[in-house]
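Q: Now for the letters of each chain:
Protein chains: 2
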Amino acid sequence: MTDTTRIVLAGRPTGEPTHDDFRTETVALPEPRDGEVLLKTRYLSLDPYMRGRMNDAKSYAAQVEIGDPMVGGTVSEVLESRADGFAPGDVVLGYAGWQTHSVEKAAGLFKLDQKQPLSTALGVLGMPGFTAYAGLLILGKPQPGETVVVAAATGPVGSAVGQIARIKGARAVGIAGGPEKVAYLKELGFDAAVDHRADDFVAQLEAATPDGIDVYFENVGGKVWDAVLPRMNEFGRVPVCGLVSGYNATALPEGPNRVPALMGAVLQKSLTLRGFIQREFADQMPQFRREMSQWIEEGKVQYREDITDGLENAVDAFIGMLRGANFGKVVIKVAE
Amino acid sequence: MTDTTRIVLAGRPTGEPTHDDFRTETVALPEPRDGEVLLKTRYLSLDPYMRGRMNDAKSYAAQVEIGDPMVGGTVSEVLESRADGFAPGDVVLGYAGWQTHSVEKAAGLFKLDQKQPLSTALGVLGMPGFTAYAGLLILGKPQPGETVVVAAATGPVGSAVGQIARIKGARAVGIAGGPEKVAYLKELGFDAAVDHRADDFVAQLEAATPDGIDVYFENVGGKVWDAVLPRMNEFGRVPVCGLVSGYNATALPEGPNRVPALMGAVLQKSLTLRGFIQREFADQMPQFRREMSQWIEEGKVQYREDITDGLENAVDAFIGMLRGANFGKVVIKVAE
Numbered sequence: 001m002t003d004t005t006r007i008v009l010a011g012r013p014t015g016e017p018t019h020d021d022f023r024t025e026t027v028a029l030p031e032p033r034d035g036e037v038l039l040k041t042r043y044l045s046l047d048p049y050m051r052g053r054m055n056d057a058k059s060y061a062a063q064v065e066i067g068d069p070m071v072g073g074t075v076s077e078v079l080e081s082r083a084d085g086f087a088p089g090d091v092v093l094g095y096a097g098w099q100t101h102s103v104e105k106a107a108g109l110f111k112l113d114q115k116q117p118l119s120t121a122l123g124v125l126g127m128p129g130f131t132a133y134a135g136l137l138i139l140g141k142p143q144p145g146e147t148v149v150v151a152a153a154t155g156p157v158g159s160a161v162g163q164i165a166r167i168k169g170a171r172a173v174g175i176a177g178g179p180e181k182v183a184y185l186k187e188l189g190f191d192a193a194v195d196h197r198a199d200d201f202v203a204q205l206e207a208a209t210p211d212g213i214d215v216y217f218e219n220v221g222g223k224v225w226d227a228v229l230p231r232m233n234e235f236g237r238v239p240v241c242g243l244v245s246g247y248n249a250t251a252l253p254e255g256p257n258r259v260p261a262l263m264g265a266v267l268q269k270s271l272t273l274r275g276f277i278q279r280e281f282a283d284q285m286p287q288f289r290r291e292m293s294q295w296i297e298e299g300k301v302q303y304r305e306d307i308t309d310g311l312e313n314a315v316d317a318f319i320g321m322l323r324g325a326n327f328g329k330v331v332i333k334v335a336e
Numbered sequence: 001m002t003d004t005t006r007i008v009l010a011g012r013p014t015g016e017p018t019h020d021d022f023r024t025e026t027v028a029l030p031e032p033r034d035g036e037v038l039l040k041t042r043y044l045s046l047d048p049y050m051r052g053r054m055n056d057a058k059s060y061a062a063q064v065e066i067g068d069p070m071v072g073g074t075v076s077e078v079l080e081s082r083a084d085g086f087a088p089g090d091v092v093l094g095y096a097g098w099q100t101h102s103v104e105k106a107a108g109l110f111k112l113d114q115k116q117p118l119s120t121a122l123g124v125l126g127m128p129g130f131t132a133y134a135g136l137l138i139l140g141k142p143q144p145g146e147t148v149v150v151a152a153a154t155g156p157v158g159s160a161v162g163q164i165a166r167i168k169g170a171r172a173v174g175i176a177g178g179p180e181k182v183a184y185l186k187e188l189g190f191d192a193a194v195d196h197r198a199d200d201f202v203a204q205l206e207a208a209t210p211d212g213i214d215v216y217f218e219n220v221g222g223k224v225w226d227a228v229l230p231r232m233n234e235f236g237r238v239p240v241c242g243l244v245s246g247y248n249a250t251a252l253p254e255g256p257n258r259v260p261a262l263m264g265a266v267l268q269k270s271l272t273l274r275g276f277i278q279r280e281f282a283d284q285m286p287q288f289r290r291e292m293s294q295w296i297e298e299g300k301v302q303y304r305e306d307i308t309d310g311l312e313n314a315v316d317a318f319i320g321m322l323r324g325a326n327f328g329k330v331v332i333k334v335a336e
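Sequences listed follow chains G and S, in order.
For the first sequence, the numbering used here begins at 1 and goes up steadily by one.
For the second sequence, the numbering used here begins at 1 and goes up steadily by one.
Fair warning: there could be bad hints in the mix.
Since copy identity is lost for identical chains, a pair holds within one copy or between any two.
The list that follows gives simulated cross-link-like pairs (lysine-lysine, BS3-like), each with its CA atoms no further than 25 Å apart [unchecked claim]:
id	residue 1	residue 2
1	K269	K223
2	K141	K269
3	K105	K40
4	K168	K186
5	K333	K115
6	K333	K40
Everything labelled a hint here was simulated from the structure, so no lab data went into it.
Every value quoted in this text rests on a predicted model; they were computed, and no experiment measured them.
Starting from the given sequences, assemble the full structure and let the hints guide the process.
A: Now the structure itself:
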């Protein structure tokens, strides 16, 4: 019998989550049955979408119930196996959530065999990287010479979007908060970088996009989107991947109601806005892993991780991420 | 030397246009040169997009300058020809605008040879019908059994959208203003019809779309769009063709600002919003004319025209159209 220590949802947050919305508990796991494995979590991914799962509202995926463990992608090690093809010591990508151990059906696991560090299976080589790849290439369709703008650009999705855009011959403009992140975007090879916290953010964006914007990869919403919209070119594409600036909002912002202006721009510029979740494009995943691995090896894609030790620090890391305090992909190192 | 009587833009309207924004004048036309023809206007099309051309603002097409004739599609008869292939008596589709005569390059004209009345070249067989066809089929992509909703549904675009949706096996729901128009939609074979002027409009829409909405063909914006959005299904498509409810607006509506709610719905439901103007799909025009002609002959597509006699009544007809006072495609019969 193995115990798991896990962080469960204790209450539904109003606005920014607090420690009161979470509870840590230790419970006994069942023994693995046929087709199942017992896992020890090594890395847990923290991602903005998890904030939506905490709401009691129809979101783009099932909500987490009160008392249930918080969900999340994980890299785990097999401790015991009752499933063909899985042996103790194997490392797998799964969805065990915020806990130290789990029993899972082997059918839902992906055996990892990669040159890059294991944590990248949750970042540049995992869901965030694939979100960038699929959203940009399938929906954004950047053409050589076009301008691609992405916000939250030092995050795992945004940094991949910009670097893939450059691989495809487009001009990449990143938006991030603060001079340190802006400097990092230039290190990554972005053609221009803009600080959304600067007083002259709108002027910076204009200067960085002299030919307008052909693809805006939407991660944040809010004031960034308001500044981007007037710069969109005719036939521009806007893959809508996330809206993190509003995830903690408790009410709609004050007026005026800008929906008619938004719809007017969509009409006048023949824009395409397209919401998506990466699983829609799951059939592209093998190709993504091949291409992204190669780009990393060739130095064409760099990545940055923001790794915190210990599951007990997950709540603080999560709250910080929603504030933009992280710098790179947020990963919790749960165990060696 | 031939004179033309024409209606020119006298001022840029604030809100709803008035007679003061137009001026009628009679001027001498130049003689046609090589490659040109002298035309007598028989029918003039009035369409909501013309309101946008009256503004001093970047719209989706060039604005009309003060003192210039109002633009518009026309069916005309050739009076004199200095162009190969055009002879007096020929009837052509052109873009002569709000005037009784014009001299035009023959290269921009389309010789009409159709079984249906000439006025239909401005409606069901013309730009509005093609807008419906291309927007619905190329962008909306209705599948058999899906629900297609269209507003301004008795208008030339909306009525074609609903009928083409039914031809493709989808369920067609029309939104229109007033019981007479709602009754007409049922005559046209719409599966359901909803009155946006009714107090229980939102409840009517819910009842009419028990399986949600897969395609919303956007002609109007405003409160209709607000009511439609919560009914959109996952992967729904929204071709954005017009926003007539806002064309006379002088300011954005009061708050709250609903943009975050709109973007949230786009994200959560993987919606596609796509603005368009029919000319993007001009290569489909020949196929449209073949198919639409056949559908009309087979009785699968019906149409309704709202024809007013005399160019001198164009301003009143135009103002009324923007209020939704027309019933069917608005056409001015300029001459026999």
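Q: Against this structure, judge whether each hint is valid.
A: Right, here's what the structure says about each hint:
no.: 1; hint: K269 x K223; in the structure: both (20 Å within a copy, 22 Å between copies)
no.: 2; hint: K141 x K269; in the structure: both (17 Å within a copy, 21 Å between copies)
no.: 3; hint: K105 x K40; in the structure: within (14 Å within a copy, 77 Å between copies)
no.: 4; hint: K168 x K186; in the structure: within (18 Å within a copy, 51 Å between copies)
no.: 5; hint: K333 x K115; in the structure: within (19 Å within a copy, 75 Å between copies)
no.: 6; hint: K333 x K40; in the structure: within (12 Å within a copy, 80 Å between copies)
In summary, this structure violates none of the numbered hints.
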